[in-house]
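Trainee: Respectively, the protein sequence lines represent chains A and B. Be aware that the first sequence starts at 1, since it is given in the working numbering, and climbs by one per residue. Be aware that the second sequence starts at 1001, since it is given in the working numbering, and climbs by one per residue.
Warning: the hint list may mix true and false statements.
Unchecked claim - Derived pair list, reagent style EDC-like, types lysine to aspartate or glutamate, alpha-carbon separation capped at 20 Å:
(1) K334/A to D1036/B
(2) K1010/B to D338/A
(3) K1023/B to D414/A
(4) K1092/B to D338/A
(5) K411/A to D270/A
(6) K1023/B to E351/A
(7) K411/A to D1036/B
(8) K1092/B to D322/A
(9) K1010/B to D322/A
(10) K1023/B to D338/A
(11) K1010/B to D1021/B
(12) K91/A to D322/A
(13) K387/A to D1057/B
(14) K334/A to E351/A
(15) K334/A to E1095/B
(16) K1010/B to E351/A
(17) K1010/B to E51/A
(18) K233/A to D1070/B
(19) K1023/B to E346/A
(20) K1092/B to E351/A
(21) K233/A to E1095/B
Derived by calculation from the structure, the hints in this document are not laboratory data.
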Amino acid sequence: MHNKTIAELSRGLQQRHFSSLELTELFLNRIEEHNEKLNAFITVTAELAWEQAKQADLRLSSGQSNALTGIPIAQKDIFCTQGVRTSCGSKMLDNFTSPYNATVVERFNQVGAVMLGKLNMDEFAMGSSNETSYYGPVKNPWDVGTVPGGSSGGSAAAVASRIVPGATGTDTGGSIRQPAAFCGITGLKPTYGLVSRWGMIAFASSLDQGGPMARTAEDCALMLQTMAGFDEKDSTSVNRPVEDFSATLNERLAGLKIGLPKEFFGEGLDPEIATLIHEAVADYVKLGATVKEISLPNMNLSAPAYYVVAPAECSSNLARFDGVRYGYRCQNPKDLHDLYTRSRGEGFGAEVKRRILIGTYVLSAGYYDAYYLKAQKIRRLISDDFKRAFQEVDVIMGPTSPSVAFRFGEKSADPIAMYLSDIYTIALNLAGLPGMSIPVGFSKNLPVGMQIIGNYFSESRLLNVAHQYQLVTDWHHKAPAQFV
Amino acid sequence: MSLSTKEVNKIAWLGRIAIDDDKIEAYAHDLSGILDFVEQMSALDTSSVLPMAHPMDQAQRLRADQVTEDNQRELFQDNAPSVEAGLFLVPKVIE
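Make the full structure from the sequences, and use the hints.
Mentor: In structure tokens, the structure reads:
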């Protein structure tokens, strides 16, 4: 049963083959059995889940249900959940109980989904390996000696190990796609502005975007349907009608134009991953697609621009953690300055402090033009590169990450080496474009993800493209041996 | 780009982050490395490029100046480290 997809579970619930209470019990038992090995959950909300499952069963029997009614899911611990600890993976918020729900959480509640708990993550979503979490690293279910990726590593590991059927993630520079690739699942980072950021603890506001993580594109479509849509409370939310993301899943791909950016296949890419991507692209050709090489000439500047924009916005957003209104406060502060600096010095981990310091530096007097403004100009150039590309092709494909999951400690001492793990994903955040990662095979017994990039608001097309591949391949059904 | 320990101390003061003295050197090293990395940007002439703030170049929405939220001070202060009579307590600022 736990190997079923959300779509399959949903059909079972609608036809009353089993109840939401039974499903909830099954997955809570799996969490109980496996979470210790994985450390995917920070908080399990069993009581709340029972209550929501009971309500969902009532809705299911009265016929007032949605595709997600009664489906157990889990939230990345960056989404505020009323009455439940919302830690963001940080000591700073270890004692924080959110007084309200994020819009995304509220929307899952409205359709009657069941929340099993809050998932582990890199502290304040700053990391690519989950090693920066205050609650300890999440383990990759395919090999517990390797990282699950980050920052949505708890979400990816939980879905891959079948202890939840679907989870939310957030993606500022690759935090949905890279862990999806490392754990062999399907993840979608939507167009900036499609999913509300309200109640999603802010890291870099012009880049952050929530999205679904599940085993299949079909499941991601169901989850995105609930998550997407205009929200007055998010000032950058885009006001446009939400389409039916499942409606076009079955469209054929004949005539699909795929672009392969030469910059995605250069130095630094594991050759085995390059081979698997080319094999997946060949499968698309069999489905009727055509392929052409394209160029995104400013790709090489996306990581440098990102490591100005993201830390700058982070230093501004994280100024709110002052030890006064909520969050961690140091012991016996001798004056107000001591209270601020020690609360923040003790409450934040090393990577978060590094980024706040870089951000503070690049925004300090006299440096704004040289760093932040320059980076915003490079964003424009990167975005223009994509615009040109999308005049010629429908989707762009390439690797999600240059390597498979690496070992704990392998990159944690070298910030730049860690940053380069997201080299193919961050350009999309800078441009605001949507992208997916889907499993396309294995290298060194670890999953490999392929990234599919689309034009603004082309989520339906991306999901369709991913779904058609998943109809003719079975990489997305492979489960790590320990968790079958 | 190499940051001195003095500069790191200044940034840490601006960002209100206490750093142990024995870690300043390591931060100086890491931060200098990151600044070297982002320095690649300067190779490109961007004098005629318009900076990008929102992918759809969307402007900030405005709303009517009306009260939309209830006062929930007590609820919000449940999370505060120290409160008294509805006020947030901090160490004495004025002697």
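Trainee: All hints, please: hold or fail.
Mentor: Here's how the hints hold up against the structure:
The hinted pair formed by K334/A and D1036/B fails the criterion: a straight-line CA distance of about 37 Å is larger than 20 Å. Between the alpha carbons of K1010/B and D338/A the distance comes to roughly 15 Å, so the proposed pair stays at or under 20 Å and holds. A hinted pair counts as satisfied when its Cα atoms are at most 20 Å apart, and K1023/B with D414/A qualifies at roughly 16 Å. This hinted pair checks out: K1092/B and D338/A have alpha carbons roughly 12 Å apart, not beyond 20 Å.
For the proposed pair K411/A and D270/A, the alpha carbon gap of about 16 Å is at most 20 Å, so the pair holds. Of the pairs offered as hints, the one joining K1023/B and E351/A holds, with about 13 Å between alpha carbons and a cut-off of 20 Å not exceeded. Our distance criterion of 20 Å between C-alpha atoms is met by K411/A and D1036/B, whose separation comes to about 18 Å. In summary, the hint linking K1092/B to D322/A is supported, as the alpha carbons are separated by about 16 Å, within the 20 Å threshold.
Taking the CA atoms of K1010/B and D322/A, the gap is about 18 Å. The hint holds against a cut of 20 Å. Annotation: proposed proximity of K1023/B to D338/A holds, straight-line Cα distance about 18 Å (limit 20 Å). A C-alpha spacing of about 13 Å is found between K1010/B and D1021/B, which places the hinted pair at or below 20 Å, so the restraint holds. A C-alpha spacing of about 13 Å is found between K91/A and D322/A, which places the hinted pair at or below 20 Å, so the restraint holds.
A threshold of 20 Å between alpha carbons decides the hint, and for K387/A with D1057/B the separation of about 14 Å falls inside it, so the pair holds. Between the alpha carbons of K334/A and E351/A the distance comes to roughly 27 Å, so the proposed pair goes past 20 Å and is violated. With a C-alpha separation of about 13 Å, the suggested pairing of K334/A with E1095/B holds against the 20 Å cut-off. For the suggested pair K1010/B and E351/A, the alpha carbons sit about 19 Å apart, so the restraint of at most 20 Å is met.
The suggested pairing of K1010/B with E51/A is violated, with an alpha-carbon distance near 52 Å, which exceeds 20 Å. Pair hint K233/A plus D1070/B holds up; C-alpha atoms about 15 Å apart against a cutoff of 20 Å. Restraint check: the Cα-Cα separation between K1023/B and E346/A comes to about 13 Å, which is no more than 20 Å; the hinted pair holds. Pair hint K1092/B plus E351/A does not hold up; C-alpha atoms about 32 Å apart against a cutoff of 20 Å.
For a cut-off of 20 Å, the pair hint linking K233/A to E1095/B is broken: about 41 Å separates their Cα positions.
Violated hints for the displayed structure, listed by number in ascending order: 1, 14, 17, 20, 21.
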